[in-house]
Amino acid sequence: GENVEQHPSTLSVQEGDSAVIKCTYSDSASNYFPWYKQELGKGPQLIIDIRSNVGEKKDQRIAVTLNKTAKHFSLHITETQPEDSAVYFCAAPEAGGSYIPTFGRGTSLIVHP
Amino acid sequence: NAGVTQTPKFRILKIGQSMTLQCAQDMNHNYMYWYRQDPGMGLKLIYYSVGAGITDKGEVPNGYNVSRSTTEDFPLRLELAAPSQTSVYFCASSYGGGRGSETQYFGPGTRLLVL
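Chains as they are written, first to last, in my numbering: chain A, 1 to 113; chain B, 1 to 115.
There could be a bad hint or two in this list.
To be verified - Sample of chain A residues facing chain B (criterion: CB under 10 Å; computed from the structure):
id, residue
1, 36
2, 70
3, 74
4, 76
5, 104
6, 106
7, 110
Claimed, not checked - EDC-like, lysine to aspartate or glutamate: derived pairs with alpha carbons at most 16 Å apart:
id, chain 1, residue 1, chain 2, residue 2
8, B, 57, A, 56
9, A, 37, A, 83
10, A, 22, A, 49
11, A, 71, A, 83
12, A, 22, A, 56
13, B, 44, A, 94
14, B, 44, A, 5
15, A, 58, A, 79
16, A, 42, B, 72
Calculated directly from the structure, the hints in this document are not laboratory data.
Everything numeric in this text was worked out from a predicted model, so none of it was measured.
Beta carbons are placed, not taken as given, at the ideal position from N, Cα and C, and that holds for glycine.
Based on the provided sequences and hints, a complete structural model is requested.
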């Protein structure tokens with residue numbers, strides 16, 4: 001099955017700094033890469049995703065970049081705010097017709113005011 | 001739309017007891033999933049379903065069973081609960097497996113403690 005590694009497991013930044021979380025995947029045929037945010041006591045929620053035919057996608061303060069050659073994709077959060085504090089998960093699907101993703105272990109982001 | 005709903009929110013079980021975790025979605029999604037989340041371990045897939053009447057095992061299916069008699073409902077059954085099943089369980093759904101329909105919508109979770 002797909003192997004997804006996510007780093008770092010914990011990331012502590014000051015408000016206003018940038019944060020970067022990276023995931024690597026093993027299946028070169030994977031074509032869809034989402035990032036989910038999980039706030040305390042809640043289920044994960046999609047915040048941004050990228051397909052394999054583009055290298056970068058932005059949505060206000062968050063962006064995702066994809067390097068297909070190196071098989072990794074990263075979440076970038078600029079001008080971090082305390083409300084960005086949460087656990088972030090990446091996911092990558094196994095190749096094939098059914099979308100059954102494998103999730104990374106998660107990154108706990110702490111933004112200090 | 002209520003999205004994905006899960007009941008109960010929290011449950012304490014004794015070793016050997018059984019229970020069913022309920023999951024329902026009102027988005028007419030074809031795909032439904034059950035995950036467990038242990039601290040620092042991310043989300044592990046237990047079972048999934050690509051449509052009514054079709055279920056398949058995920059990464060950690062032992063000790064669990066599922067059924068999918070309708071599009072809306074996807075209950076997870078625990079037989080003979082063990083302490084190793086102490087976890088937070090999330091149900092999720094997505095429209096399908098094709099391009100543009102991969103986004104998963106998660107329920108609020110069920111916290112289970114087995115003593």
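The hints, checked one at a time:
1. 36: This hint holds: residue 36 of chain A lies near chain B, its Cβ roughly 8 Å from the closest one there, short of 10 Å.
2. 70: violated (22 Å)
3. 74: violated (17 Å)
4. 76: It is violated, given that the least Cβ distance between residue 76 of chain A and chain B is near 20 Å, above 10 Å.
5. 104: holds (6 Å)
6. 106: holds (5 Å)
7. 110: violated (15 Å)
8. B:57 / A:56: violated (34 Å)
9. A:37 / A:83: holds (11 Å)
10. A:22 / A:49: holds (14 Å)
11. A:71 / A:83: violated (30 Å)
12. A:22 / A:56: At roughly 14 Å apart (the allowed maximum being 16 Å), residue 56 of chain A and residue 22 of chain A satisfy the hint.
13. B:44 / A:94: This hinted pair holds, its Cα atoms lying about 14 Å apart.
14. B:44 / A:5: holds (14 Å)
15. A:58 / A:79: The hint holds at about 14 Å.
16. A:42 / B:72: Violated. Residue 42 of chain A to residue 72 of chain B sits at ~21 Å, over the 16 Å cutoff.
Hint check: violations occur at hints 2, 3, 4, 7, 8, 11 and 16; the rest are consistent with the structure.
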